[in-house]
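These protein sequence lines are chains A and B, in that order.
Here the first sequence is numbered in this note's numbering, starting from 5 and rising by one per residue.
Here the second sequence is numbered in this note's numbering, starting from 13 and rising by one per residue.
Heads up, a few of these hints could be off.
[Claimed, not checked] With beta-carbon atoms standing in for the labels, derived distance ranges:
1) A:I30 - B:E53: 33 to 43 Å
2) A:D191 - B:G93: 51 to 61 Å
3) A:R128 - B:G191: 35 to 45 Å
4) A:P143 - B:S160: 47 to 57 Å
Source of the hints: derived by calculation from the structure; they are not laboratory data.
Where is the CB? At the ideal position from N, CA and C, for every residue including glycine.
What follows is each chain in one-letter form.
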Amino acid sequence: MFVAALCGCGGSKVTLKNPSIPKPLIEQMQISVAARYPTSFDSFVHEERVIGKEKWSIDLGASNRILFTQLFSSMFSEFTVIDENTDAKDLQIDALIEPTIDAFEFSVPSQSQTDDFAVWIRYRIKIFDSEGVQVANWPIAAYGKSQASTFGGDQALRRAAVLAMRDAAALIILQMDKSTGISKLRDARARSNSAPPTVIPAEESMQTTAVEDIPDDAG
Amino acid sequence: MPVNTRKRPTKILQQVIIVVLAGATVSACVTSRVEHIKEAETGIAEGEAIVIMAKSYHLGNETEAKFIDCVSDAIGRGRDGLRVIPHQEFVDALFPWFEPRTAPAETKGLPTLMARPGVADIIHEQGVRYLVWLDGDTDKTAGGGSMSCAIGPGGGGCFGFAWWQNESEYEATVWDLDGLEDVGTVSADVSGTSFLPAIIIPVPLIARTRAKACKALADQLKLFIVDDDAV
Numbered sequence: 005m006f007v008a009a010l011c012g013c014g015g016s017k018v019t020l021k022n023p024s025i026p027k028p029l030i031e032q033m034q035i036s037v038a039a040r041y042p043t044s045f046d047s048f049v050h051e052e053r054v055i056g057k058e059k060w061s062i063d064l065g066a067s068n069r070i071l072f073t074q075l076f077s078s079m080f081s082e083f084t085v086i087d088e089n090t091d092a093k094d095l096q097i098d099a100l101i102e103p104t105i106d107a108f109e110f111s112v113p114s115q116s117q118t119d120d121f122a123v124w125i126r127y128r129i130k131i132f133d134s135e136g137v138q139v140a141n142w143p144i145a146a147y148g149k150s151q152a153s154t155f156g157g158d159q160a161l162r163r164a165a166v167l168a169m170r171d172a173a174a175l176i177i178l179q180m181d182k183s184t185g186i187s188k189l190r191d192a193r194a195r196s197n198s199a200p201p202t203v204i205p206a207e208e209s210m211q212t213t214a215v216e217d218i219p220d221d222a223g
Numbered sequence: 013m014p015v016n017t018r019k020r021p022t023k024i025l026q027q028v029i030i031v032v033l034a035g036a037t038v039s040a041c042v043t044s045r046v047e048h049i050k051e052a053e054t055g056i057a058e059g060e061a062i063v064i065m066a067k068s069y070h071l072g073n074e075t076e077a078k079f080i081d082c083v084s085d086a087i088g089r090g091r092d093g094l095r096v097i098p099h100q101e102f103v104d105a106l107f108p109w110f111e112p113r114t115a116p117a118e119t120k121g122l123p124t125l126m127a128r129p130g131v132a133d134i135i136h137e138q139g140v141r142y143l144v145w146l147d148g149d150t151d152k153t154a155g156g157g158s159m160s161c162a163i164g165p166g167g168g169g170c171f172g173f174a175w176w177q178n179e180s181e182y183e184a185t186v187w188d189l190d191g192l193e194d195v196g197t198v199s200a201d202v203s204g205t206s207f208l209p210a211i212i213i214p215v216p217l218i219a220r221t222r223a224k225a226c227k228a229l230a231d232q233l234k235l236f237i238v239d240d241d242a243v
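With the rest of the complex left out, here is chain B (with noise of 0.2 Å):
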């Protein structure tokens, strides 16, 4: 008897292991639809560079920081890695000329922007090439279920199941600085519903989608870029 209890614990810490692993690595399912419209040719020649920005807030987008920065690195990895200048560098380069309030919000309006003193010169100096714009967010649009945990002097625990279905959608879209056109929009949507079942200790199986679309979005928006005949 005195030896089963002394394995008891280390037996019920092995199993909580093996739960927390388990609800680690295994996700939800998420289901994700990726779709470009190109309208003009694309391609980027060596040393020159990208810049992803997010739509101005002042026309109610609500992009978040974390995706610009996760979608930038994303473009930015691999071999087949673009170059990505940091947008702050860009915006701060370029002051007052791409805050929220000045930035252009159309195509028509570049002309205007490249013959103002230096910008073109900066932007020259950079080799930045393509504008993207990032537009959307990511947000739970339903929820359900219910969860209780309690703590007392022998221990603890959670007893329920609780789900939420979260919706990130968002678009790029490209401008050529070359020819101060717009030349297409990528486009990422991806919903997933997560569960947190409990029985003494919660299983997270989380519904990545901000990850999965900025992955997705990256992806296509290399071979938008990059290829002309992939997309």
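So that you can see chain A by itself, here it is in the shape it has in the complex (with noise of 0.2 Å):
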């Protein structure tokens, strides 16, 4: 510890371990929905190095896994999880979701020269209708702070990477079938049961690539 605070060494490994978010005060959208995650939902580890000082590094093993399906689970009247092999033609689903990581940053007090730790996640989620088709595009970027002073090095950090995805889970419920228009491939199913169609509408086979910065409208 002496030759660390000599050398300006330090840093810490910090795991976090089956966060959970609240249940959701929602109104669950009637639709059958399936989500296929990638292995780094299942082991996510991330390192940030401050030059000449300290390495910190996050191990968020499998929460993200724990959150979407915690999340899906709530926002969806049917919810289940398939893994790569299975062919999601073969369910009796309305929609298929594969979020992803884009970017995973954050940044710890040395850097900002303040008292906060911060986190960024930049996830990606791409939709599929019932016919496997790709229906939406949709990047979004959820941000956590917290403070050293109050929390610790370690669990200000943990603290901050919870707070970055109970972020990303509230945009998801605020934004999502307004970005991605999810909640209208039910009826998208039922019409092409019924009578399948030979082309498909231009309104329904349009690719929805929306921005993350659309206006809140909470408050």
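From these two lone chains plus the hints, build me the complex, please.
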């Protein structure tokens, strides 16, 4: 410790163990949805090295899988998780969601010259209809911040990561249907089942690539 | 002579203890100003509660979590204490509507929020009458002096003088969830200069501006919410 103090080295390895989000206070969408997670959702580790000072790493473990499973189970009336070998076309679902992590970053107090740990997560949510056609490609940016003086270094970084995940969950609840039109896929599937169209209507075949900074309408 | 050398360390230790205790009990001076602006009548019935929240960091707010806890504790303490619901419990119960991204920034968003499924029911169940939004922080605004410390085989010590000035500026905006209106604000500005003189032993004379701002704001908020005539 004395040597570390002399050379200014330090940092820590932080592990996030099974965080959970509270049950959202929302009305479920009456739609059948499946999710397929990438392998990174089971073990995601990110490292930040402050040049000449310290090395911090965070192991998110399976927290992304837990977060999205909790969230989607609350949002949709029917929800299931499928593995990468399952063909979604064989399932009676209205939509398939594939979330991924585009980028993960964090800053520690010695970088920001503040008392704060901050975490940024950039997720990408792809949505496919029952035929396997991609209908939306939605990037979202989430942010969480926590003070080191209140919680201590490791705990503050852990809390900032959880707050960023909660931020992502809030954004998904608030904007997902508006940005991706996922709720319309149930009707689209019902129509295609009753009278199979030869041509997909232009409105439904159009892929959404929504921007992430849509103004909130909560308040 | 041998008697003197045996007594000397004890005497020095006693002096050290006296100096440290004096430093710990004597604090530097602070100046404080507490103000309020009342825009509507207030009052709180038995069983009703308040929640103390920090304004969103998405809006650039830097209020320390420790300060929120301090104000919550101070308002809930004593015979005249109010029922304070822990903010995390409130935020979790109403997830995701009071997250930093989604919390209403103005009272004009309250009707929409209360119309969302389950929100009004939970607020009613918890008996929350007032939401208090805290804004502000404590900053070091100036400082100076110098101090050097050394340690050797025969002992160690410090020599010098350092000082710094802290400013604690906080504002509490009170929303009435019955009337869905902003009923006013209470603000506390506290400044103080801390000193650290050292002749062998540093004696800190700390200006505890944040603690003073916490107590001042909490006391005034109690009066603001409870007793209409007292403020």
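Hints and how they fare:
Our hint of 33 to 43 Å for A:I30 and B:E53 holds, since their Cβ atoms are close to 35 Å apart. Taking the beta carbon of each, A:D191 and B:G93 are about 55 Å apart, inside 51 to 61 Å as hinted. A beta carbon spacing of about 43 Å between A:R128 and B:G191 agrees with the range 35 to 45 Å that was offered as a hint. About 54 Å separates the C-beta atoms of A:P143 and B:S160, a value consistent with the hinted range of 47 to 57 Å.
In summary, the structure agrees with every hint in the numbered list given earlier.
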